[in-house]
Amino acid sequence: SQQGEEDPQALSIQEGENATMNCSYKTSINNLQWYRQNSGRGLVHLILIRSNEREKHSGRLRVTLDTSKKSSSLLITASRAADTASYFCATVRNTGGFKTIFGAGTRLFVKA
Amino acid sequence: SQTIHQWPATLVQPVGSPLSLECTVEGTSNPNLYWYRQAAGRGLQLLFYSVGIGQISSEVPQNLSASRPQDRQFILSSKKLLLSDSGFYLCAWSLNYLRETQETQYFGPGTRLLVL
Chain C
1 SQQGEEDPQA
11 LSIQEGENAT
21 MNCSYKTSIN
31 NLQWYRQNSG
41 RGLVHLILIR
51 SNEREKHSGR
61 LRVTLDTSKK
71 SSSLLITASR
81 AADTASYFCA
91 TVRNTGGFKT
101 IFGAGTRLFV
111 KA
Chain Y
1 SQTIHQWPAT
11 LVQPVGSPLS
21 LECTVEGTSN
31 PNLYWYRQAA
41 GRGLQLLFYS
51 VGIGQISSEV
61 PQNLSASRPQ
71 DRQFILSSKK
81 LLLSDSGFYL
91 CAWSLNYLRE
101 TQETQYFGPG
111 TRLLVL
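Here the protein sequences line up with chains C and Y, keeping their order. For the record, in the first sequence the residue sitting at position 29 is 29 according to my numbering, with numbers rising by one throughout. For the record, in the second sequence the residue sitting at position 41 is 41 according to my numbering, with numbers rising by one throughout.
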């Protein structure tokens, strides 16, 4: 089964609102990453949070990690139409080599 | 700076035909390389990864194969395509874990394959 599972699967909000996406995983991790994918394009790395960190910020992005609940959230504040994309969480485990597993993603649509 | 290239961008192939997708990385050496497939509106499925020349690990048994003939070249192949091979194929690289503990991956633009 998927190591990382995002919810909701799809999210539609108005420009200026905040968007929150969640990711749950099953096994212990080394770090967790969030990626963004515009339609028909490759993924772009947004932010990485290590297993010993609880919160991280980058511009309008805020990521939290709760290892006791095996969950993470990505908050995009003051969303813009250009934030419309799919967002994926990826968990990284050290299994004798680092292995990254991607979730199915959340499709975010920001209406202007 | 590092860049990653994939070609072709789009490919339409008949069932039973061969396939060769190429990925090259510039600006880094001895990267880890990855091939993913993404079905429409879905997440990424890891197909192959490589930690060095000639070293290929397969994650999913199927009619695809991968090769790494040079340090920064990764090729995805098939002898006979199936309808189920249609999808969006993404190549990615990351720093070799021996030098970098964070496995951030950097993706190419992708190849959209349609098998008819």
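Hints were generated in silico from the structure; no laboratory data involved. Owing to the predicted nature of the structure, the values given are computational and were not obtained by experimental measurement. Mixed in with the good hints there might be a few duds.
To be verified - Restraint-style ranges between C-beta atoms, simulated for each label pair:
{"hint": "1", "chain 1": "Y", "residue 1": "Q45", "chain 2": "C", "residue 2": "L61", "range": "32 to 42 Å"}
{"hint": "2", "chain 1": "Y", "residue 1": "G27", "chain 2": "C", "residue 2": "R60", "range": "25 to 35 Å"}
{"hint": "3", "chain 1": "C", "residue 1": "R41", "chain 2": "Y", "residue 2": "V60", "range": "19 to 29 Å"}
{"hint": "4", "chain 1": "Y", "residue 1": "E22", "chain 2": "C", "residue 2": "L61", "range": "16 to 26 Å"}
{"hint": "5", "chain 1": "C", "residue 1": "K56", "chain 2": "Y", "residue 2": "Q45", "range": "25 to 35 Å"}
{"hint": "6", "chain 1": "C", "residue 1": "S28", "chain 2": "Y", "residue 2": "S58", "range": "16 to 26 Å"}
{"hint": "7", "chain 1": "C", "residue 1": "E53", "chain 2": "Y", "residue 2": "S17", "range": "24 to 34 Å"}
{"hint": "8", "chain 1": "Y", "residue 1": "K80", "chain 2": "C", "residue 2": "K111", "range": "41 to 51 Å"}
{"hint": "9", "chain 1": "C", "residue 1": "S68", "chain 2": "Y", "residue 2": "L114", "range": "21 to 31 Å"}
{"hint": "10", "chain 1": "Y", "residue 1": "P8", "chain 2": "C", "residue 2": "S28", "range": "19 to 29 Å"}
{"hint": "11", "chain 1": "C", "residue 1": "R60", "chain 2": "Y", "residue 2": "T3", "range": "22 to 32 Å"}
{"hint": "12", "chain 1": "Y", "residue 1": "V60", "chain 2": "C", "residue 2": "N22", "range": "20 to 30 Å"}
{"hint": "13", "chain 1": "C", "residue 1": "A78", "chain 2": "Y", "residue 2": "Q73", "range": "36 to 46 Å"}
To be verified - To give a feel for the contact side, a few chain Y residues facing chain C, derived at Cβ under 8 Å:
{"hint": "14", "residue": "W7"}
{"hint": "15", "residue": "P8"}
{"hint": "16", "residue": "R42"}
{"hint": "17", "residue": "G43"}
{"hint": "18", "residue": "L47"}
{"hint": "19", "residue": "S50"}
{"hint": "20", "residue": "D85"}
{"hint": "21", "residue": "L90"}
{"hint": "22", "residue": "T104"}
{"hint": "23", "residue": "Y106"}
{"hint": "24", "residue": "G108"}
{"hint": "25", "residue": "G110"}
As the list claims (entries may be wrong) - Below, computed lysine to any residue pairings styled on SDA-like, alpha-carbon distance capped at 25 Å:
{"hint": "26", "chain 1": "C", "residue 1": "K99", "chain 2": "Y", "residue 2": "T28"}
{"hint": "27", "chain 1": "C", "residue 1": "K99", "chain 2": "Y", "residue 2": "L95"}
{"hint": "28", "chain 1": "C", "residue 1": "K99", "chain 2": "Y", "residue 2": "Q45"}
{"hint": "29", "chain 1": "C", "residue 1": "K99", "chain 2": "Y", "residue 2": "V115"}
{"hint": "30", "chain 1": "C", "residue 1": "K99", "chain 2": "Y", "residue 2": "A40"}
Glycine included, each C-beta is placed from N, C-alpha and C at the ideal position.
Hints breached by this structure: 1, 4, 7, 9, 10, 14, 15, 18, 19, 20, 29
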